[in-house]
Each structure stands twice: as C-alpha cells, then as structure tokens.
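Let the hints inform the model, and build the full structure from the sequences given.
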Amino acid sequence: MSLIAMIIIIGCIFGGIRFWKRKRILSIILLSPLLIVFTFFGYFVYQTSYHTTPDSLELSVHKENETYFVEGRWKESLDAYRFPSDFLVFYVPENEKVSNVKRNRVKDYKDMDWKFLRGEVRDWAGKESHPQLEPQIFDLHTDNQFKFTFFLPATVKPSDVKLYYAHTREEPMEALEFWFKNIELK
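Using our numbering, you'd call the opening residue of the sequence shown number 18 and step up by one each time.
Hints may be right or wrong, so weigh each one.
[Unchecked claim] Taking lysine to aspartate or glutamate and the EDC-like style, the derived pairs with C-alpha atoms no more than 16 Å apart in a straight line are:
no.: 1; residue 1: K174; residue 2: E201
no.: 2; residue 1: K198; residue 2: D72
no.: 3; residue 1: K179; residue 2: E201
no.: 4; residue 1: K114; residue 2: D177
no.: 5; residue 1: K174; residue 2: E113
no.: 6; residue 1: K119; residue 2: E83
no.: 7; residue 1: K114; residue 2: E83
no.: 8; residue 1: K179; residue 2: E151
no.: 9; residue 1: K119; residue 2: E81
FYI, nobody ran anything at the bench for these hints, they're computed from the structure.
Next comes the structure, spelled out in structure tokens:
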C-alpha cells in the first residue's frame, strides 16, 4: 500500500513539474498531494515538539476572610498531548490538612485510576521538593483559564505552606511527564 502511495506521489510531482509551463492549473492539481503531505507532516512535527513551560502559566492569589482564591491563565496555547488533569500539590507544616478545596474536575474523574496518578505525582514531587512532608494532592481539570479555592488550618502561616501547580503531559506511547510551578501564598 505504501509503495503504491509513493509511486502516485512521485508521479504527481513529476507530472506537476513537467506541465508547469504549459498547463499551470493541471500542474497545481498534481502538486497539491505533495503540499497536503508537507502540511500534515509540519503540523505533526509542531504538535509533538511544542511543550508548555512554567512561564506559560500566569497565577494570581488573593485571600478573602479565611478562603484563598487562585486564578490561573495560560499565556500560550496548551500542548496537544496534555493530560486532561493537572494537579495541585500542597506541603503543609506538621502535615496538617488543607480543607474545602474547590476546583473544576475532569468529567469522568470517577473512572480514572487515581491511586496510580497520585502515586506518579507523589513520586515526581518527592524528587523535586520536600521529602520530610507528606504531599496533599488534588486533581484539577486542565483548561485555558481556571480557578480554585481552599482553606488553610488556622495554626498554619501561609508563608510556611508550599503549593505547586503540576502540569501533566502524556504523549502517545510515553510515560507521564510533569513540570511544577510554585504558587506563593501571602
């Protein structure tokens, strides 16, 4: 099958070049499969090589009463092979619990293997940051604009909490990849 396709493409190229001076419309029609192949190949290469970076994500934090509001916006487009869910990773002194984390979740989150995903994030986060503290991991739907809210325990100072946004990427036939962006609480 691929041999036949190659013969047809080579024939179209040869015919397009040969008829260029006499019949331009026929030449353009014959060269169009080559243009389509190059366009598809260029799009494929662009999508597989484009990756977002922590600098692509803008985050703003503000506090009202005891509730923290975090809003995020991607300055650039999201990568094509992003995972449907990103993660929030909290490190709280004395391993106290963060409460009332409200965020958009993936529609089919009940069907996902959260034990595996949290384990992957925990392993990756453990390499990157605070091994003495237990990470508290929450999923967050990956979207161009998002927001989430949470409460900190009353005994914890915001400056002592480490909060990371973990962006997840999964190319076909590849393992999950992460990058982390620190979110400073004030």
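Hints versus structure:
{"no.": "1", "hint": "K174 - E201", "result": "holds, 12 Å"}
{"no.": "2", "hint": "K198 - D72", "result": "holds, 8 Å"}
{"no.": "3", "hint": "K179 - E201", "result": "holds, 7 Å"}
{"no.": "4", "hint": "K114 - D177", "result": "holds, 14 Å"}
{"no.": "5", "hint": "K174 - E113", "result": "holds, 12 Å"}
{"no.": "6", "hint": "K119 - E83", "result": "holds, 14 Å"}
{"no.": "7", "hint": "K114 - E83", "result": "holds, 15 Å"}
{"no.": "8", "hint": "K179 - E151", "result": "holds, 11 Å"}
{"no.": "9", "hint": "K119 - E81", "result": "holds, 15 Å"}
Consistency with the previously given hints is maintained throughout, with no hint failing.
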